[in-house]
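Protein chains: 2
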Amino acid sequence: MEKTINIGLFGLGVVGTGIVSVIARAKNAHAVIRRICVRNLDKPRSIELPEGLITDNPDDILLDPEIDLIVEVVDNAEASYRIVTAALRRGIPVVSGSKAMIARHLPELISLQRQHHTALLYDASSCGSIPVIRNLEEYYDNDLLLEVKGILNGSSNYILSRVFDHGEPYRQALKRAQELGFAESDPSFDIEGFDSLFKLIIITVHALGVYVAPSEIFTYGISTIHDADIRYAREKGMKIKLVAQVVKISPETFTMFVMPEFVSPSRYIYSVDDEYNGVVIRGECYDRQFMFGKGAGSLPTASSILSDVMARRHGYCYEYKKMAYPDRPAYTTDIPLKVYVRYFDTPVTSLLPFQRITEQYTSDENNYVIGEILLSDLIACRRQLSAPDVFVTNITRFFEE
Amino acid sequence: MEKTINIGLFGLGVVGTGIVSVIARAKNAHAVIRRICVRNLDKPRSIELPEGLITDNPDDILLDPEIDLIVEVVDNAEASYRIVTAALRRGIPVVSGSKAMIARHLPELISLQRQHHTALLYDASSCGSIPVIRNLEEYYDNDLLLEVKGILNGSSNYILSRVFDHGEPYRQALKRAQELGFAESDPSFDIEGFDSLFKLIIITVHALGVYVAPSEIFTYGISTIHDADIRYAREKGMKIKLVAQVVKISPETFTMFVMPEFVSPSRYIYSVDDEYNGVVIRGECYDRQFMFGKGAGSLPTASSILSDVMARRHGYCYEYKKMAYPDRPAYTTDIPLKVYVRYFDTPVTSLLPFQRITEQYTSDENNYVIGEILLSDLIACRRQLSAPDVFVTNITRFFEE
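Chains A and B, in that order, give the protein sequences.
The first sequence begins at 572 in the working numbering and counts up one residue at a time.
The second sequence begins at 572 in the working numbering and counts up one residue at a time.
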């Protein structure tokens, strides 16, 4: 007879509710939710729960000696940080889905795990039900890894699919994504690329053993996309996808960024539509692997949380072994990218220090320029690129596909 | 400073040579090949090896107390069985790529591991570089798993791609697959579906915790495919793929089989071409996951072997925990399938006990019938279906896709 795992759950939103339902279904998990901590006790809930299960006092979980494991899916990065660090300090293992919090505080969270001999698992934080983190940590060896690249945000991808494949206006698509529960409560997380960024930071730690802070990484979303861009992509037989990538540029260096990208039909991520996520992992020996699945939504995320809960049964923890490798590559932004920049009034060609302009188009309705520019210059000009009449799309290809 | 893993390697064919090269590249693996055992010392080798590294005496590895781990990639199921069981009995952990041997002897190999407190890892045995086994074992929880289905044999898939997409004659495509090193040395393994079958058996143990012996499973390959079948599929806008599947039919039962299948463009495996493998894992909560990658070839397989070698560093072993679940589903062949059977002379409609025939076509050139038949009846009529003028293709859809 296996010992039951007593779970203390923080958060009962879309994902929290999914966890309650998935754990109830998974008989062989031998897991029980002993207590649920929420912010607002009076909020109506979509599921029925036994009397006394819900509390609004975190200590009812943190100080309960019967709790074996904390599952934290709070939709607020600061609250999530307080809960997770308090739990780790008490030596309680945590499963978390809070990518923003994890991406910002990972170095501290790693040292807390070591200091207090406990574990923080967060496979659900990146790509929902696709086991990306665990596979990068355990399966893909560092020396041979060249690139991890993909569509990491279900909500912005859903919006782009509606706009591209169904000709829906952008605003309407965004509204629908929110109604379906794919979008984060702060939509800028999804559409400005931050959600993808946070996932990319976590992925990079497990892919290359290097942590890069969010502020150092070029992140560009889809909020300024315009009919002109969609037309341009269509004419070339391509789609625009919001792509996050970390790429080894040389044996000693790598780069990473989040940016819309023109994607041709021959590429794996072309057919990743709607709320799906898709990740391409490229290695020297195995060429490319492609993993594809639901990256958002209540049950897919909850199912990934359950996998982490089950992993704790046999004491699984991330070892972060690649962080100890002597030959870790260094992060660089000193690389030329080929980009398409569409604009109306902002004088893009004079503002941006292009190394080389290869195409330029002007008309009464819209203008674009295609050229090579350093990633570091894109970062330096980030403010100008935020003008509502400007939209940047990546065209760089690091590998033959 | 990490301890070096001393490896004894059995087999220096396509995969063995790849392993030597991958381990030399993977500096952070801290793994060294201490001895290589081959059958024929005089065979010319494509790589240069230090004096004295090669032996033809298995005991030079099995009795060497300095060897920490045996990697076995011998292209002969009986030799492989002798080596692996001898190693496990001596308590030496083994990484093996021999799917035929593993699929036939898995129950014994599991009890040997337990008895001698050692481990046998074989992720490379199923789908080369795609981490299917480890993810089924660790990530996808049993209660929620509904189906694992995919293209598990790179060589037959390569042949079908050449025939379908390039209009190449079947024989020529087979020859080319062999030249490229995708095909097993016994081509019937690939084209009669046995390679897929062995992988499916291993997958089912890790997916549902149930072992089914090869002889109990309906296995049908592509060797009798004819232009008429290719024309038929093309007219319907479909491809024919050799598909292996294990499916939960009810909470209490599951079925499994290997058979060609008509695949429409909307399905994930439609675009799995050439020597690639693709696996769809379906669960109650996460809907479908799709994993895709190189399933054959020297380096992809070697890279998967390296992952297993690295996993031994932290004492990883398969727990086979699903085999202990009280509510494991039972294997059944008592289910109706919808199939297409093309024939020239064999009187298929009178030989096969169809429950219902829905379409029938006869002409001077070829005939086909589409109808419902029990899987158990297909197994009972296996000999008649082997007639060179008969080709069977599955049409059943267990789930909406």
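Hints should not be assumed to be uniformly reliable.
Any copy will do: because identical chains look the same in the list, a pair fits if it lies in one copy or spans two.
[As the list claims (entries may be wrong)] Derived lysine to aspartate or glutamate pairs resembling EDC-like cross-links, with alpha carbons at most 20 Å apart:
1. 598 / 739
2. 909 / 649
3. 819 / 750
4. 574 / 739
5. 614 / 631
6. 598 / 787
7. 614 / 845
8. 909 / 635
9. 574 / 845
10. 614 / 855
11. 574 / 971
12. 574 / 890
13. 892 / 757
14. 746 / 936
15. 746 / 930
16. 892 / 935
17. 598 / 858
18. 909 / 630
The hints are simulated quantities; they were obtained by calculation from the structure and are not laboratory data.
Only a predicted model underlies this, so the values are computations on that prediction, with no experimental measurement involved.
Verification of the hints:
Neither within a single protomer nor between protomers do residue 598 and residue 739 lie at most 20 Å apart by alpha-carbon distance, with minima of 43 Å and 51 Å respectively. Taking CA atoms no more than 20 Å apart as the test, residue 909 paired with residue 649 passes in neither setting, with 37 Å inside one copy and 55 Å between copies. In the homo-oligomer, the alpha carbons of residue 819 and residue 750 never lie at most 20 Å apart, since the shortest distance is 38 Å inside one protomer and 33 Å across protomers. Taking the shortest Cα distances, residue 574 and residue 739 never come within 20 Å of each other, neither inside one copy (52 Å) nor across copies (59 Å).
Proximity of residue 614 and residue 631 under a CA criterion of 20 Å is satisfied intra-copy only: 19 Å inside one chain copy versus 70 Å between copies. Neither within a single protomer nor between protomers do residue 598 and residue 787 lie at most 20 Å apart by alpha-carbon distance, with minima of 45 Å and 29 Å respectively. Taking the shortest Cα distances, residue 614 and residue 845 never come within 20 Å of each other, neither inside one copy (30 Å) nor across copies (54 Å). In this assembly of identical chains, the alpha carbons of residue 909 and residue 635 never lie at most 20 Å apart, being 55 Å within a copy and 56 Å across copies at closest.
Proximity of residue 574 and residue 845 under a CA criterion of 20 Å is satisfied in neither setting, with 40 Å inside one chain copy and 47 Å between copies. Taking identical chains as interchangeable, the C-alpha atoms of residue 614 and residue 855 are never at most 20 Å apart, the minima being 52 Å within one chain and 28 Å between chains. Taking the closest pair of Cα atoms, residue 574 and residue 971 never come within 20 Å of each other, the shortest separation being 51 Å inside a single copy and 38 Å across copies. Only between protomers do residue 574 and residue 890 lie at most 20 Å apart by alpha-carbon distance; the minimum there is 16 Å, versus 25 Å within a single protomer.
For the homomeric pair residue 892 and residue 757, neither the shortest alpha-carbon distance inside one copy (34 Å) nor that between copies (41 Å) is at most 20 Å. Neither within a single protomer nor between protomers do residue 746 and residue 936 lie at most 20 Å apart by alpha-carbon distance, with minima of 27 Å and 57 Å respectively. Taking the closest pair of Cα atoms, residue 746 and residue 930 never come within 20 Å of each other, the shortest separation being 35 Å inside a single copy and 47 Å across copies. Taking the shortest Cα distances, residue 892 and residue 935 never come within 20 Å of each other, neither inside one copy (56 Å) nor across copies (67 Å).
Only between protomers do residue 598 and residue 858 lie at most 20 Å apart by alpha-carbon distance; the minimum there is 19 Å, versus 39 Å within a single protomer. With identical chains, the CA atoms of residue 909 and residue 630 are never at most 20 Å apart, being 52 Å at best within one copy and 58 Å at best between copies.
Hint compliance for this structure: hints 1, 2, 3, 4, 6, 7, 8, 9, 10, 11, 13, 14, 15, 16 and 18 are broken, all remaining hints hold.
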